[in-house]
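2 protein chains.
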Amino acid sequence: MTDIAVPESHADLLALAIAPAMATIGPGGEPQCSPVWFEWERGVIRVSLTTQRQKYRNLVERPRVALAFVDPDDMYRSMELRGTTTSIEPDIDNALLNRLAKRYLGIDAYTFDADGTERVVVSVTPSHVTTWQ
Amino acid sequence: MTDIAVPESHADLLALAIAPAMATIGPGGEPQCSPVWFEWERGVIRVSLTTQRQKYRNLVERPRVALAFVDPDDMYRSMELRGTTTSIEPDIDNALLNRLAKRYLGIDAYTFDADGTERVVVSVTPSHVTTWQ
Chain A
3 MTDIAVPESH ADLLALAIAP AMATIGPGGE PQCSPVWFEW ERGVIRVSLT
53 TQRQKYRNLV ERPRVALAFV DPDDMYRSME LRGTTTSIEP DIDNALLNRL
103 AKRYLGIDAY TFDADGTERV VVSVTPSHVT TWQ
Chain B
3 MTDIAVPESH ADLLALAIAP AMATIGPGGE PQCSPVWFEW ERGVIRVSLT
53 TQRQKYRNLV ERPRVALAFV DPDDMYRSME LRGTTTSIEP DIDNALLNRL
103 AKRYLGIDAY TFDADGTERV VVSVTPSHVT TWQ
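From first to last, the protein sequence lines stand for chains A and B.
Read in order, the letters of the first sequence correspond to residues 3 to 135 in our numbering.
Read in order, the letters of the second sequence correspond to residues 3 to 135 in our numbering.
These aren't lab readings, by the way, just hints derived from the structure by calculation.
Hints should not be assumed to be uniformly reliable.
All copies of an identical chain are treated as equivalent in the list; a pair is satisfied when it fits inside any one copy or across any two copies.
When the alpha-carbon atoms are kept at most 20 Å apart in a straight line, the in silico SDA-like pairs for lysine to any residue are as follows [what the hints assert, rightly or not]:
#	residue 1	residue 2
1	K104	Y78
2	K104	P128
3	K104	M77
4	K104	D76
Start from the sequences, fold in the hints, and give me the full structure.
See below:
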């Protein structure tokens, strides 16, 4: 798994606490698209999902993904990463979820899930980058 | 073609000059996802595309679409519209493009396309709404 070449002009978008729209493919072949929290590390995007979400079921069956990152200060500067889900694993002790809660909400633990909610770490390896502006 | 029921709590998002991420399906079945300008009128979303874009070619072959609208002042308030491309027509005299230039840039005419660029009006009829917050 090697880093794809994210252009320097847009690499900063991956360090921002923004919520890119993540597109997946539904059971009937239709696109699904909604914002997600993410972190980026060494060429991999990680997203926390509950196993109740359609997005989770889509990724288990159809691992291909696209994410649209938009500069919150300039909506014309954006980047699409397309790639494949390379692992889906239990989020043990909500480790990823809590890192994301820190990054997005500034809190140490995310406590808003209903009892019994199962969380997974979805890792996406991008293979294709498109940038605008 | 009847209006879908966009919840009143999120209907304002359709009046904002924001750029929702639009997901389409590529030639290999992979999702594509990037921001677009849009207008909403009587239950139809209209988007201006050049015929050079992959997104245009995707929609000609595979008309299903999803769009993610996010409140620019509250990233946790968002809405997904899923639906189908119901027409793709030439944008005569760039009428839609210029309306969008007015809406997004405050200018009367969009003059940034290269000579010979062909524009189409893509009309999407949503059939399914999901909201968050």
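Hints versus structure:
{"no.": "1", "hint": "K104 to Y78", "in the structure": "between (28 Å within a copy, 16 Å between copies)"}
{"no.": "2", "hint": "K104 to P128", "in the structure": "neither (24 Å within a copy, 35 Å between copies)"}
{"no.": "3", "hint": "K104 to M77", "in the structure": "between (25 Å within a copy, 16 Å between copies)"}
{"no.": "4", "hint": "K104 to D76", "in the structure": "between (25 Å within a copy, 17 Å between copies)"}
In this structure, only the earlier hint numbered 2 is contradicted, and the remaining ones agree with it.
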